[in-house]
Amino acid sequence: MSEKTKQKLVQEPQVEHEDLNVLMQRRREELEELKKLGVEPYPHEFNRTDFSKESIDSFKDDAPQRTVMLAGRIMSIRRMGKASFCHVQDSQGKIQVYLKKDDLGSIYDAYKLFDIGDIIGITGFLFRTKMGEVSIHAQKLTLLAKSLRPLPVVKEKVDEQGNKVVYDPFSDKELRYRQRYVDLVVSPEVREVFIKRAKLISGFRKFLDAKNFLEVETPVLQPLYGGASARPFVTHHNALDVKLYLRIADELYLKRLIVGGYDGVYEISKDFRNEGMDRNHNPEFTMLELYVAYRDYRWMMELTEGMVHEAAVAVNGSSTISIGEHTIDFKPPWKRITMFGAIKEYTGRDLRGKSEEDLRKTCKELHIEIEAAQGVGGLIDEIFSARVQPHLIQPIFITDYPVELSPLAKKHRSEQGLVERFEAFANGQEVCNAFSELNDPLDQRARFEEQVKLRARGDEEAQPLDEDFLRALEYGMPPTAGLGIGIDRLTMLLTGQTSIRDVIFFPQMKPEK
RNA sequence: GAGCGUGUAGCUCAGUGGUAGAGCAUCUGCCUUUUAAGCAGAGGGUCGAUGGUUCGAUCCCAUCCACGCUCACCA
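Read in our numbering, the first sequence has 70 at position 70, and its numbers run on one by one without any break.
Rather than coming from a laboratory, the hints here were simulated on the basis of the structure.
It is possible that some hints are incorrect.
Here are the simulated SDA-like cross-link-like pairs (lysine to any residue), alpha carbons at most 20 Å apart as the crow flies [said to hold, decoys possible]:
(1) 206 <-> 314
(2) 53 <-> 205
(3) 53 <-> 214
(4) 354 <-> 404
Listed next, with one range per pair, are the computed distances between beta-carbon atoms [stated by the list, open to error]:
(5) 64 <-> 508: 20 to 26 Å
(6) 67 <-> 391: 42 to 48 Å
(7) 29 <-> 506: 50 to 56 Å
(8) 325 <-> 280: 18 to 24 Å
(9) 414 <-> 375: 38 to 44 Å
(10) 391 <-> 206: 30 to 36 Å
(11) 149 <-> 275: 23 to 29 Å
(12) 160 <-> 60: 45 to 51 Å
In this text, a Cβ means the ideal position worked out from N, Cα and C, and glycines have one as well.
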């Protein structure tokens with residue numbers, strides 16, 4: 001490092017200090033004053049024994065005085081000279097603290113330098129104020145972490161009807177996503193969404209573990225990607241000097257594990273797709289994939305409805321969820337209908353056996369815009385997406401898809417041109433995708449070759465041929481049922497969020513500045 | 001990728017061709033059961049960035065940046 005560079009590094013913090021706004025300068029000054037008063041601004045621990053909500057809920061007016069020790073962040077302060085109230089927030093919520101100079105002595109002077117955002121420990125006894133709020137009468141106050149940056153102050157009030165009214169919520173979406181830590185501090189409902197997300201995932205795990213499926217991990221960095229139609233992220237391994245792809249799906253590796261002899265495997269993990277971003281797409285997202293040997297897609301439908309139902313109950317405590325004017329009930333059994341059956345039900349047209357020309361005519365009659373390149377399968381899918389999917393409010397399985405759309409699914413046992421595949425829909429959105437897995441290695445090779453042709457024609461999302469996967473199938477894979485569930489979108493559905501960014505802690509953003 | 005919109009104090013937002021305002025937050029004073037605490041006073045801004053028009057731009061114009069919404073693409 002050059003002398004010049006060294007100097008620059010040394011000077012940088014001071015330069016930064018001069019750039020601070022008055023609020024942050026003030027807090028740094030307070031920090032120094034606190035140190036002068038002998039207050040350690042960043043102690044190592046605090047042995048709390050109590051939490052806000054538990055303390056409030058357990059309070060009884062006629063019971064003997066109870067001392068509690070809890071810790072949290074100051075969210076509001078109301079000073080009245082020689083006494084003060086503040087609200088302290090911990091993981092369970094907020095509790096009011098009453099601080100009196102007579103009881104606290106010299107630390108009360110230090111407390112004058114405390115701010116909204118500081119993290120403190122409180123020891124005191126529970127009581128009810130004149131206004132009726134269960135609070136802590138502080139006997140001891142400990143600073144646990146001095147905050148140097150002002151937090152957005154969100155004020156709230158309970159109106160006559162008992163509804164909580166929030167004033168000036170922290171609402172700038174860009175700031176909320178970029179500084180999610182702030183969003184989480186000031187918005188309990190945001191914290192709640194992510195708690196529900198965790199409950200969904202742990203609900204799935206419990207369900208699958210109870211059935212003795214093995215949770216596994218497969219490579220994120222892959223020499224060849226596959227298992228879905230999407231463009232991958234590309235990276236490079238220096239030591240091997242090879243190109244690697246970030247996985248777009250887990251499918252092909254998990255099926256290799258079924259070949260290896262496990263009866264059931266699942267993986268909950270991030271996939272990466274190098275595509276556009278919108279309210280339903282984030283470049284990295286979480287999938288559950290599950291494969292079970294000796295089962296088919298009909299068996300998988302039963303498992304799916306049972307698993308999603310249990311997870312919905314785990315998340316919301318109920319099998320139903322209200323979205324807009326709809327109440328969606330995940331209780332099994334879910335309705336089942338074939339894709340052609342559903343199209344007939346909602347358009348009155350039977351598309352079975354129709355030629356590409358017929359289908360184009362139908363699209364025109366139904367005022368559905370299509371592209372020249374689309375084949376029979378693509379056209380059927382367009383009609384389904386436009387005329388059927390929006391009507392699928394209650395959970396429903398749509399079964400038996402055109403073979404062209406599903407290069408990894410097994411051909412239907414009785415219907416020509418179809419595969420044994422189902423997708424579940426709810427609230428007009430896809431919930432999962434599953435099929436009887438293709439285990440005929442020769443058929444799989446032919447399907448891959450179709451994909452290679454599409455690729456040669458410029459379809460960047462067509463799947464590359466995976467010779468090692470074919471080798472695995474050639475050793476023999478038992479009949480297998482497979483399932484994929486997008487965790488982010490299911491979380492959206494179960495928490496009533498309309499953007500994927502509201503169910504991902506740190507959604508992808510362009511870099512700042 | 002296209003259209004529309006937004007960007008002003010820490011946060012939420014007004015506003016104007018003559019270099020800016022409110023509420024909360026902050027600071028000072030008063031206040032020992034307050035709660036959107038209150039009362040009195042004060043400080044705080046590169047008005048997203050860069051160009052242009054103009055005597056003068058935060059405002060008008062252009063470009064760029066970031067974000068949002070809708071659509072397209074995409075499962």
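Residue 53 paired with residue 214 [C-alpha distance capped at 20 Å]
violated (38 Å)
Distance restraint hint 45 to 51 Å, applied to the beta-carbon atoms of residue 160 and residue 60
Since the Cβ atoms of residue 160 and residue 60 sit about 27 Å apart, the hinted range of 45 to 51 Å is violated.
Within 20 Å, alpha carbon to alpha carbon, are residue 53 and residue 205?
violated (29 Å)
Using the C-beta atoms of residue 67 and residue 391, is the stated range 42 to 48 Å upheld?
Violated - the Cβ-Cβ distance for residue 67 and residue 391, about 60 Å, lies outside 42 to 48 Å.
Residue 280 and residue 325 - C-beta distance against the hinted 18 to 24 Å
Distance hint for residue 325, residue 280 holds at roughly 21 Å.
Look at the Cβ atoms of residue 391 and residue 206 and judge whether their distance stays inside 30 to 36 Å.
With Cβ atoms ~33 Å apart, the hint holds.
Outcome of range test on Cβ distance (residue 149, residue 275; 23 to 29 Å):
violated (36 Å)
Can you confirm whether the C-alpha distance between residue 206 and residue 314 stays at or below 20 Å?
holds (10 Å)
Range hint compliance [Cβ, residue 414 to residue 375, 38 to 44 Å]
violated (23 Å)
Verify the proposed pairing of residue 354 with residue 404, using a straight-line Cα cut of 20 Å.
Answer holds: residue 354 to residue 404 is near 15 Å, not above 20 Å.
So does residue 64 sit 20 to 26 Å from residue 508, Cβ to Cβ?
For residue 64 and residue 508 the Cβ distance comes to about 54 Å; the hint is violated.
Do residue 29 and residue 506 keep their Cβ atoms within the hinted range of 50 to 56 Å?
Since residue 29 and residue 506 have Cβ atoms about 32 Å apart, the given range 50 to 56 Å is violated.
In the structure shown, a violation is registered for the earlier hints numbered 2, 3, 5, 6, 7, 9, 11 and 12, in ascending order.
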